Amino acid sequence: MASVTQVAGTHSHSTQSAIDSQPQNQVHSAFSRAGGRGGSRGLHGQEGARGGNRRGGRGNRGNRPDGAPNQRARRLSSSANPSAPPMPSPPGLGGEGSFGARLTKDAETKEGQERKEQDGTEDGVEAEVCFICASPVVHNSVAPCNHRTCHICALRLRALYKTRACAHCRTEAKFVIFTDDATKRYEDFVEADFQETDEVLGIKYEQKEIYSDTILLLRYNCPDESCDIACRGWPDLHRHVRSLHHKVLCDLCTRNKKVFTHEHELFTQQDLKKHEKFGDDHPGAVDQSGFKGHPECGFCRQRFYGDDELYTHCRDKHEKCHICDRRNPARQQQYYVDYDSLEQHFRKDHFLCADQECMDKKFVVFESEMDLKAHQLEAHPNGLTKDARRDARRVDISAFDYRTPHQDNRGGRRDREGRDGRGRGRGRDPNTEALPPSTAQPLRRDELAYQRQMAIQSVPSATARTFGGQLTSTDAYAARPTGRNQDTVTAPSNHTTTNSSFPAIDNLHLDSVTNTAADSPQFTAPVAPQEQARRLQHSSVMDRASTMLKYDQTKISDFRGSVSSYRTSTVTASQLIDSFFPLFDVPSADLGKLVKELADIYENEAKRNGLLKAWNDWRAINEDYPSLPGPSGVLPGSSAAAAGSGGHRVLKLKSSTAQSSRSAVSKQGSWGKSTAANPFPSIPTSSAKRAGAGRVGATPWVAPSSSSRPSPASPRPVSIPSPSGKPNGSAAVDAFPALPAAAKPNTMMMGLTRGTVRWDDGRGNNNLANPWGAASGGSGSTAPAAPAADVDREADMGRKKGKGNKKQTLYKFG
Amino acid sequence: MATAQRRITKEYADIQKKPLDGMRISLPSEADIHQWQILIDGPRGSPYEGGVFNLHLSLPTEYPFKPPTLSFKTKIYHPNVTNDDKGSMCLGMLRADEWKPSSKVEAVLSFAQGLLLEPQPDDAVEGGIAREYKENKKEFVKNAKAWTKQYAKK
Chain A
1 MASVTQVAGT HSHSTQSAID SQPQNQVHSA FSRAGGRGGS RGLHGQEGAR
51 GGNRRGGRGN RGNRPDGAPN QRARRLSSSA NPSAPPMPSP PGLGGEGSFG
101 ARLTKDAETK EGQERKEQDG TEDGVEAEVC FICASPVVHN SVAPCNHRTC
151 HICALRLRAL YKTRACAHCR TEAKFVIFTD DATKRYEDFV EADFQETDEV
201 LGIKYEQKEI YSDTILLLRY NCPDESCDIA CRGWPDLHRH VRSLHHKVLC
251 DLCTRNKKVF THEHELFTQQ DLKKHEKFGD DHPGAVDQSG FKGHPECGFC
301 RQRFYGDDEL YTHCRDKHEK CHICDRRNPA RQQQYYVDYD SLEQHFRKDH
351 FLCADQECMD KKFVVFESEM DLKAHQLEAH PNGLTKDARR DARRVDISAF
401 DYRTPHQDNR GGRRDREGRD GRGRGRGRDP NTEALPPSTA QPLRRDELAY
451 QRQMAIQSVP SATARTFGGQ LTSTDAYAAR PTGRNQDTVT APSNHTTTNS
501 SFPAIDNLHL DSVTNTAADS PQFTAPVAPQ EQARRLQHSS VMDRASTMLK
551 YDQTKISDFR GSVSSYRTST VTASQLIDSF FPLFDVPSAD LGKLVKELAD
601 IYENEAKRNG LLKAWNDWRA INEDYPSLPG PSGVLPGSSA AAAGSGGHRV
651 LKLKSSTAQS SRSAVSKQGS WGKSTAANPF PSIPTSSAKR AGAGRVGATP
701 WVAPSSSSRP SPASPRPVSI PSPSGKPNGS AAVDAFPALP AAAKPNTMMM
751 GLTRGTVRWD DGRGNNNLAN PWGAASGGSG STAPAAPAAD VDREADMGRK
801 KGKGNKKQTL YKFG
Chain B
1 MATAQRRITK EYADIQKKPL DGMRISLPSE ADIHQWQILI DGPRGSPYEG
51 GVFNLHLSLP TEYPFKPPTL SFKTKIYHPN VTNDDKGSMC LGMLRADEWK
101 PSSKVEAVLS FAQGLLLEPQ PDDAVEGGIA REYKENKKEF VKNAKAWTKQ
151 YAKK
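Read top to bottom, the protein sequences are chains A and B.
Going by UniProt numbering, the first residue of the first sequence is number 1, and it counts up by one from there.
Going by UniProt numbering, the first residue of the second sequence is number 1, and it counts up by one from there.
Pulled out of the complex, with its shape left as it was, chain B reads as follows (with noise of 0.2 Å):
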C-alpha cells in the first residue's frame, strides 16, 4: 500500500535525520521497509542503565491505519514486557483499539524508553515482576540489573 510505503519512509527519513536520544534505529534488511532495528540504551537511572537492547518494530501493511508491533529481542526483566522468547512489549497505544494513526514510530520509541524508565505495572503483562516492583522494589531493581547484566551488556 502506497500509503504505508509513503508514511513509513517519511518517518524512517525523519528519525534518522533527528535521532531520538539513547536509540540507534537501522533496518535489518535495506529491502524491508516495515522491519525496523532498535537498539536502546538502558536509561540513566534505571535498572537498565549500561545495557543495550534490541528492539524490533513491525510495522504492518495497513499501517498507519494498524498499530506497529514492538518486541524486546532482548531479554529484559520487566513488567511491561513478556518473559517468553517474544519478549512482546505491552504499550497501551499500540493495542488495536487504542492505536490512532496520527501516532508516529517516534512516539512509540519515546514510550517505550519511558518505560524502561518508568515501568507501569498496573498495566503489566508481567505480573510477578510487576508485583515485585510494587511490593518489593529493592528486589525489583537487583533482578532487573542482574538480568541488564547478563543479557544486555553492551
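Next up, chain A with everything else stripped away, as it sits in the complex (with noise of 0.2 Å):
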C-alpha cells in the first residue's frame, strides 16, 4: 500500500501539472492496451448508457475472471442489484500483477498481447464503445448517476475540461469510479473496493492497474509516436521534442487545447507557422481536426488560441464604441487600439464631452448633440472648468458642435445643416466643409455672468438677445462672430442684417447696424444731425456703456474721456477701440452695438465711419479674418460670398478666440500696442509683431475668407499654430489666404480663440485693415451680426465652433 500511497501523491502533482517523477516510459503501452483492449460492451444510445445497461455487451473485460455470468445477471437486473458479486480479485492477470510490473513495458506488452487474445475470442461480439468517444472502452468510470463513460473521457474532463459534470446528464459528482466491472451499480460499492483515490480529480480507483494506466495518460508524454519518454514538465517536453526530433509544440495548443500531452502535435517550424495562420486541417485525411488556425489580434500581432481567446483579450486590452454597438448590435465587432484612438473617433463621430474631469473620467460621450447637451447642463452648470477650456484649444473640439442642434432649429441656417450635419469631427476632409472654426472663447465664471447679464440688459434686441444671451455667455457670442461671418456669408438672407457685422450680437439691432456698416454711406443717412436726437442717442450711448462697464464709475469717466478724444480727433478710431478692451468685459457682439451707436452719435460722417471701419476692422481681424468678409464680397478675395458662411463661423472663432486672448492676455497692454504697430494690409508681417499671430494671420484670410470656404480652410492653418502655443506662430503661418484650403477648423478655431494676441492684431488690423475695412466693416459687422445669429447658429457651427461652441454653450445654459 506505501506504494501505492505514493503514486497516489504523484499522481495529484501530475494532474495539476506535471507528472516529473515517474520515470516510466510506458504511455505507450498504456494506450496501445486500451486501444487493444476490446471492450465487449456496445451501448446503444443515451437509453442504454443511462441506466447503465448494457446491450449486446460482454460483460467480461479480461481481469475479471468470475464476472461475466454475474454481470450479465447484473445487467439485466439493471436496478438495484444486491448480488454482491464477489469482488473482482485484483488486478491479477497473467503477468500485470504487480504495479511495478504493470509500469515496465514488458508488462504492458504482455497485457497488450494477452487482451488482444481475449478481443479475438470475443470478436464475434460487438465491442463495447464509449458512447462519448465513440472509442472501445478500455476501464469503466462510473458517476453515482450510474452513467458510465470510459476512463478516459472521464479523466479528460475531470483533469482537462475541469468539469465533474457527468457526461451524460451533467449531474456534479465528487467522485467517480474506475472500475472494470462493467455492471456493478455506483452505489453497489464500498470504500474497501477501492485500491486507490484521488481526491484532487475524484477518482477512486477499483484496480491499481486502472490506477496506473490513468495516471500514464497524465503524464508528459512525447507526442511521437515511437517515442516512449515521458517528460518532467513542458520545458522538459519542449526541449525533447526539439533536441529529439527536430519538431516543436504548438505553444498556444499546449497551453489552451484540452488534450492530453501525448495528443498534441509535433511541428516542424514551417507546419507550425501554417497550423498558426491557417490551421493543420487536412481535407479529407482521417486525422483532420476542423481547425481554422489561432486567430491573431490585428493591433498586437499576437495570435490566440481560438475566438473565445481573441475576444477576451480586445474586450480587456482594446475598445469598443459602445454606442456604435449599441446603433447596430449586429456588425462585427470592431476595436479600437486603446482608449485614444477610441477618443479620436469619439470626437470624430460622436458627441464628446470636452470638459477635462469628464475626458479624464473617459467615456463620456453622447449620441446626440441633446445628449451631450442635458449632460453639460447637469454635469457643468457652470460652465466647462478652465482646463477644459485651456484644453479645448488643443482638442479638436471643433468637431463637436454642441450648440448646433438648437441652433439649427431655429435660425436659417440650412446651408450650415447640410454641411455641419453629422460627422462633424477632427477627422473630415478640411476641404470638404468649411471649418467652423471653434468659436469658444472660455469666460470666467465671472465674466460669463456679467455677458449674461448684459445679454439680457440690452435693450433693443431684447428678444432675440436674451435668449442668446442666456445661452451663451458674451464671450460665446464674440466667438461665434466668427462663425457668424461664414454665416452671413452663406445665409446672408436669413438675417437682414447679413453685411452688417456688428449688431449681430442683437439680432434685430444687428440688421439696422449691420448694414450701416456694410454700407457705410447709408450710416449717415440715419444719423440725426440734431442736437436733440443727438443727446438722446448721447444718452442711450451711456447708458449702454454704463451698463457694460457695470457702473463703475472710473470706468465710465474713462470711456467719456476716450470717446471725446476721438471726437477731438486726439486719438484714432481704432485707438479708441482699442481703449474700449480693457474697459469693456463684455462680448465683442456687445461691444459692437455700442461702437455702432457710439458711432450715430459722431455727426461727423468721417468720424462715424472711422470708428465703423476701425471696429469692423478690428473684428474683422480678431474674429476671423477674412472669412469674415461675410459681409460679403466686401473683402477683396470674398467674391465669394456664398462661400462665406465658411467664413462666418471661422469668423466666430477667431472672435472668440480673441476674446479669450483678450480676457486671457493683457487686455488692456496688448491692445494698445497692437494697435498701433499692426499694419494689417501687411499680415504676415503684423503676425510677426503680434503675439496673436492667429489674429495676424487672420487679416490676411479676410480677403480668402470672403469666400467662404476657402477662409475656414484658412483659419485652421492659423488656428493649429495656436494650439500649441498661442497665437503667435500661427500668425505668421496665416499669411494667408492660401490658407483656406487647410483645413484643420478647430484646431485653428482653438488657438485663435485662446490667443491674446490676435486682440491686438485686430486692432492693428483695424487701422491697416482698411482693405478689410470696406471688407471688414461687413466682416465686422457680420460678426457682430453673428453674435445674435451665433446662438442660432451654434448649432450651424458645429465643427467649426467646437470647442469654442461648446463652451460657449456651456456657459449658456449654465
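In case anyone wonders, no lab produced these hints; they're calculated from the structure.
Quantities reported herein were computed from a predicted structural model and do not represent experimental measurements.
Hints are not guaranteed to be accurate.
Claimed, not checked - Short, incomplete list of chain A residues facing chain B, as computed with Cβ under 8 Å:
| id | residue |
| --- | --- |
| 1 | Ile132 |
| 2 | Cys133 |
| 3 | Ser135 |
For each residue, glycine too, the CB sits at the ideal point set by N, CA and C.
With the hints as a guide, bring the two chains together.
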C-alpha cells in the first residue's frame, strides 16, 4: 500500500502540472493497451448508456475472470443489484500482478497481448464502445448517477475540462469510480473496493491497474509515436522534442488545448506557422481536426488559441465604441487599439464632452448633441472647467458643435446643416467643409455671468438677445461672430443684417447696424444731425456703456474721455476701440453694438465711418479674418460670398478666440500696442509682431475668407499653430489666404480663440485693415450679427465652433 | 482530436444508416467531416410546410465536449432563429453550459425540427417575431408562410 500511496501523491501532482517524478516509459503501452482491449459492451443509444444497462455487451473484461455470468445478470436486472458479486480479484491477470511490473513495458506488452487474445475470442460480439468518444472502452467510469463512460472520457472531463459533471446528465459528482466491472452500480461499491483514491480529480480506483493507466495518461508523454519518453514538465518536453525529434509543439495549443500531452501535435517550424495561420486541417485526411488556425489580434500581432480567447483579449486590452455597437448590434465587432484612438473616434463621429473631468473619466460621450447638452447642463452647470477651456483649444473640439442642434432649429442655417450635419469631426476632410472655427472663448465665470446679465439687459433686441445671452456668454457670442461671418456670407439672406457685422449681437439691432457698417454711406443717413436727437442717442450710448461697465464710475469716465478724445481727433478710431477693450469685459458683439451706437452719435461722417471701420477692422481681424468677409464680397477675395458661410464660422471662432485672448492676455497692454503696430495690410508682418499671430494671420485671411469656404480653411492653419502655443506662430502662418485649403478648422479655432494676440492684431488690423475696412466693415458687421446669429447658428457652427461653441454653450446653459 | 473524429464519423454513419424523417444530411465537403449540411423539410402542419430549409451544422474540434453550432442558411421567419445572415438557431441544448457530451447530432437535429413545428417564443432570439407568435398567431403564420414561399421554395 505504501507504494500506492506514493503513487497517489505523484499522481495528484501530475494532474496539476507535471508528472515529473515517474521515470517510467510506458505511456504508450498504456494506450496501446487501451486500444487493444476490446471492450465488449456496446452501449446503444443514450438510454442504454444511462441506466448503466448494457446491451449485448459481454461483461467480461480480461481482468475479471469471475464476472461474466454475474455481470450479465446484473445487467438484466439493472436496478438494484444486491448481488454482491465477489469483488473483482485484484488485477492479477497474467503477469501484471504487480504495479511495478505494469509500469514496465514488458508488462504492458504482455497485457496488450493478453487483451488482444481476449478480444479475438470475443470478436463476434460487438465491442463495447464509449458513448462519448466512440472508442472502445478500456476501463469504465461510473458516476453516482450510474452513467458510464470510458475512463479516458471521464478523466478528460475531470482533468482537462475541469468539470465534474456527468457527460450524460451533467450531474456533478464528487467522485467517480474507475472500474473494470461493467455493470456494478455506483452505490454497490464500498470503500474497501478501492485500491486508490485521487482526491484532486475525484476518482476512486477499483484496481491499481486502472490507476496506473490513468496516471500514464496524465504524464508529459512525448507525442511522437515512436517515443516513449515522459518528460518532467512542459519545458522539459519542449526541449525533448526539439533536440530529439527536431520538432516543436504549438505553444498556444499546449497551453489551451484540452487534450492529453501525447495527443498534441509535433510540428516542424514551417508547419507550425501554417498551423497557426491556417490550422492543420487536412482535407480528407483521417486525422483532420477542423482546426482553422489561431486567430490573431490585429493590433498586437499576437495570436490566441481561439476566438474566445481573442475576444477576451480584445475586451480587456482594446476598446470598443459602445455607441456604434448599440446602433448596429449586428455589425462585426470593431475595436480600437486603445482609448486614445477610441477618443478620436468619439470626437469624430460622436459627441464627446470636452470637460477635463469628463475627459479624464473617459467614455463621457453621447450619441447626439442633445444628449451632450443635457449632460453638460446637468454636470457642468457652470461651464467647462478652466482646464477644459484651456484644453479645448488643443483638442479639436471643433468637430463637436454642441449648440448646433439647437440653433439649427432656430435660424436659417440650412446651409450649415447640410454641412455640419453629422459628421463634424476632426477627421473630416478640411476641404470638404468649411471648418467651423471653434468659437469658444472661455470666459471666466464672473465674465460669463456678467455677460449674461448684459445680454439680458441689453435693451433693444431684448427678445433675441435674451435668448442669446442666456445661451451663450458674451464671449460665446464673440466667438460666434466668427462663425457668423461665415454664416453671414452663406446665409446672409436669413439675417437682415447679413452685411452688417456688429449688430449681430442683438439680432434685430444688428441688422440695422450691420447694414450701416456694410454701407457706410447709408449710415450717414440714419444719423440724426440734430442736437436733440444726438443727445438722446448720446444718453442711450452712455446707458449702454454704463451697463456694460457695470456702472464703474472710473471706467465710465475713462470711456467718456476716450470718446471725446476721438471726437477731438486726439486719438484714432482704432485707438479708441483699443481703449475700449480694457474697459469693457463683454462679448465683442455687445461691444459692437455700443460702437455702432457711438458711431451714430458723431455727426461727423468721417468720424462715424472711421469708427465703424476701425471696429470692423478689429472685428475682422479678431474674429476670424477674411472669412468674415461675410460682409459678402467686401473683402477683396471675398467674391465668393456664398462660400462665406464658412468664413463666418471662422470669424466667430476667431472672435471668440480674440476675446478670450483678451481676457486672458493682457487685454489692455496688448491692445494698445497692437493697435499702433498692427499694420494689418501686411498681414504677415503683423502676425510677426503680434503675439496673436493667429489674428494677424487672420487678416490676410479676410480676403480669402470672403470666399466662405476657403477662409475657413485658412483659419485652420492658423488655429493649428495657436493650439500649441498661442497664436503667435500662427500669425505668420496665416499669412494667409492660402490657408483656406488648410483645414483643420477646429484646431485653429481653438488656438485662435485663445490667443490674446489676436485682439491686438485685430486692432492693428483695424488700422491697417482698411482693405478689410470695407470688407471688414462688412465682416465686422457680420461678426456682430453673428452673435445673435451665433446663438442660432451655434448649431450650425458645429464643428467649427467646436470647442468654442461647446464652451459657450455650456456657459449659456449654465 | 481523434476523439472528435471518431465520434463524428460514427454519428454520421449512424445517421446515414438510419436517416431522420424529413431530413437529408450530407457533407458539403467530403474532406471535412466537421461541417454538415442538412436539408429539413418544413414539418407538416407548420407554417413552414412545403419549404425546404438548408441548415449548416458545425462540429467543433472539441466535439463532443463542446457543442456544435446550427444555423439556417435559408431565411426563415421563426422566433428562435436570428433574422440575419447568420441565421443562428437558439437551442437550449446547444448552449455551452447546457451541452452534454452525450448529446448527439441526431438529437440536435430532431430538436431543431421540433422547433419548426413548435417554436419556443419564451426562449426567442427574435423578440418581435416571438411576440407576434404569442399575441397574433394568425399574423405570424401568415408571415412565416410568406417567407417560406419566398425563400424556402423546393
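Take the shortest C-beta to C-beta distance between A:Cys133 and chain B; is it under 8 Å? With a closest approach of 4 Å, the A:Cys133 hint holds.
Interface hint status, A:Ser135 versus chain B (Cβ within 8 Å): The hint holds - A:Ser135 has a Cβ within 8 Å of chain B, the shortest such distance being about 6 Å.
Hint A:Ile132 vs chain B: min CB-CB distance below 8 Å? Holds - the Cβ of A:Ile132 comes within 8 Å of chain B, reaching about 5 Å at its closest.
Every hint, counting from the list given before, is met by this structure.
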